[in-house]
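Here the protein sequences come in this chain order: A and B. So that you can map any letter, position 140 of the first sequence is 140 in full-length UniProt numbering, and since no number is skipped, the others follow by simple counting. So that you can map any letter, position 42 of the second sequence is 42 in full-length UniProt numbering, and since no number is skipped, the others follow by simple counting.
Worth flagging that the hints you see were computed from the coordinates, not collected in a lab. Relax, there's no trap hidden among the hints.
Examples of chain B residues lying across from chain A (beta carbon under 7 angstroms, computed):
#: 1; residue: Gly130
#: 2; residue: Gly139
#: 3; residue: Met140
#: 4; residue: Pro152
Remember, predicted model here, so these are calculated numbers, not experimental data. The C-beta atom is built at its ideal place from N, Cα and C for all residues, glycine as well.
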Amino acid sequence: MIQLEQISKSFGKQEVLQSIDLQVKKGEVVVILGPSGSGKTTLLRCINYLEKPDAGQITIGDLKVDTKHPTKKEIHALRQQTAMVFQQYNLFKHKTALENVMEGLTIVRKMPKDKARTISIQVLEKVGLGNKLDHYPVQLSGGQQQRVGIARALALNPEVILFDEPTSALDPELVGEVLSVIRKIAKEGITMIVVTHEMDFARDVANHVVFMDGGLVVEEGTPEEIFQRPKEERTRQFLSRITPQATYSI
Amino acid sequence: MTLDPSFMWTAFLSLFKALPTTLMITFVSVICGLFIGTVVALCRIYRIPGLSQLSTAYVTFIRGTPMLMHLLIIYFGLPILIDSLAAKWEWSFTSASIPLIGFVFIAFSITAGAYMSEVVRAGIVAVDRGQIEAAHSIGMTTPQALRRIVLPQALAVSLPNLSNSVIGMLHGSTLAYTISVVEINAQALVVAANNWKYFEAYIAAAVLFWGLTLLIERGSGWLEKRLNAYHRGGVM
Ligand SMILES: Nc1ncnc2c1ncn2[C@@H]1O[C@H](COP(=O)(O)OP(=O)(O)OP(=O)(O)O)[C@@H](O)[C@H]1O
Ligand SMILES: [Mg+2]
Chain A
1 MIQLEQISKS FGKQEVLQSI DLQVKKGEVV VILGPSGSGK TTLLRCINYL EKPDAGQITI
61 GDLKVDTKHP TKKEIHALRQ QTAMVFQQYN LFKHKTALEN VMEGLTIVRK MPKDKARTIS
121 IQVLEKVGLG NKLDHYPVQL SGGQQQRVGI ARALALNPEV ILFDEPTSAL DPELVGEVLS
181 VIRKIAKEGI TMIVVTHEMD FARDVANHVV FMDGGLVVEE GTPEEIFQRP KEERTRQFLS
241 RITPQATYSI
Chain B
1 MTLDPSFMWT AFLSLFKALP TTLMITFVSV ICGLFIGTVV ALCRIYRIPG LSQLSTAYVT
61 FIRGTPMLMH LLIIYFGLPI LIDSLAAKWE WSFTSASIPL IGFVFIAFSI TAGAYMSEVV
121 RAGIVAVDRG QIEAAHSIGM TTPQALRRIV LPQALAVSLP NLSNSVIGML HGSTLAYTIS
181 VVEINAQALV VAANNWKYFE AYIAAAVLFW GLTLLIERGS GWLEKRLNAY HRGGVM
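Bound-form chain A, shown alone (with noise of 0.2 angstroms):
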């Protein structure tokens, strides 16, 4: 389980988080919507601490830490039970496909290079690129890469994968196999935190909806409470923003 209690984070004088509470609990995919510079992507940061929070608390299974005052070691276990998809999707550019995955496997959890190897080839045959284990980043489209990405956060078998809005920097026509293989993993039980633009992507595999504006938590609630009947009034316009589609689709 996944705990995040009163995470607060400013930049200068703006105040992007203020005092954030989140559970999640072990094989549930929650999902973050909320309008641009609402502090999703600094949320999902601190989590891994990528950024600092000014305050608050995070447990992750067993661990628990003060984020004010965090140990080495505790930042550093903290990023060895998360992994995280990154929108521009951040693969290690001068090794294959292949060494992106087993990286995390051979140099942080020690893993044998023979069993990282097969582990690795393992994952990349899941996302659908068995075939592609020998390229460079530059040599694979953008969705082969994010897919990369995501074997590489699925290969280390954290507690939790963050996912920032994976599919946001995608050609249209590769959103979709990139959300599949999300999907795909979604199913497996493995714990994740979504933020992403894609509503009917939302609706499809969250457990649990987060809506987010001005660095608070507007409104949660299973899927059904907050698309169909959402309570609050910026959760409905933001919602009627982002579906317009429905009103023009034939």
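Chain A is fixed; fit chain B with the ligands onto it per the hints.
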């Protein structure tokens, strides 16, 4: 005075005797310089208190003074330092047991370190932030991320500038003759003095340096192609 081509050839061949010394000076100063340069660049980028200021002072001083001065200061200064320390601590070691070329290695490593730190720093800064974040996100420590992810990419980016530094150090190695180390330049002088044919001897030396420089450029071009295959996708 007429040109004596056959003597030029004789001189050229005799210069090869000094080639290992020149290569050794270049190699040692470049390798040590790369190491010093990387450490210094990291101290400055990560603004490590104390070390960062020290590094900046080192870089600006060395880059602000001629390479010949570094050699002379080390050559004359280091023995004083060592011998006074030796007297104080009663070491059996004295500066007399340092071979001449040792001073050259030390001085030119210090020179190369300052120049290369700028090159390495530019390379590190050119690496996308997302790379180190991704490394952290899979649980790497910062030293692991630097060693495995950032530095290899930074070096690949810096390769053209590094090869210029190597060429600079190769040419600079000729200054070693001032403290009587017989590298190519000094060897040319020796050959020439025996026959009073300075012009031929120096032309031969110039040709040899030119050849070495071309080799370095070729080598770095080849290495660049290999290392940066991932940049162009190896499609070209
Ligand atoms: N490193 C930073 N320095 C200063 N301000 C920042 C930094 N990172 C984010 N911000 C600010 O914090 C606010 C929240 O940013 P964040 O990226 O978390 O929003 P978001 O919800 O992910 O938005 P989007 O949907 O556009 O990705 C924004 O106003 C942004 O300008
Ligand atoms: Mg964002």
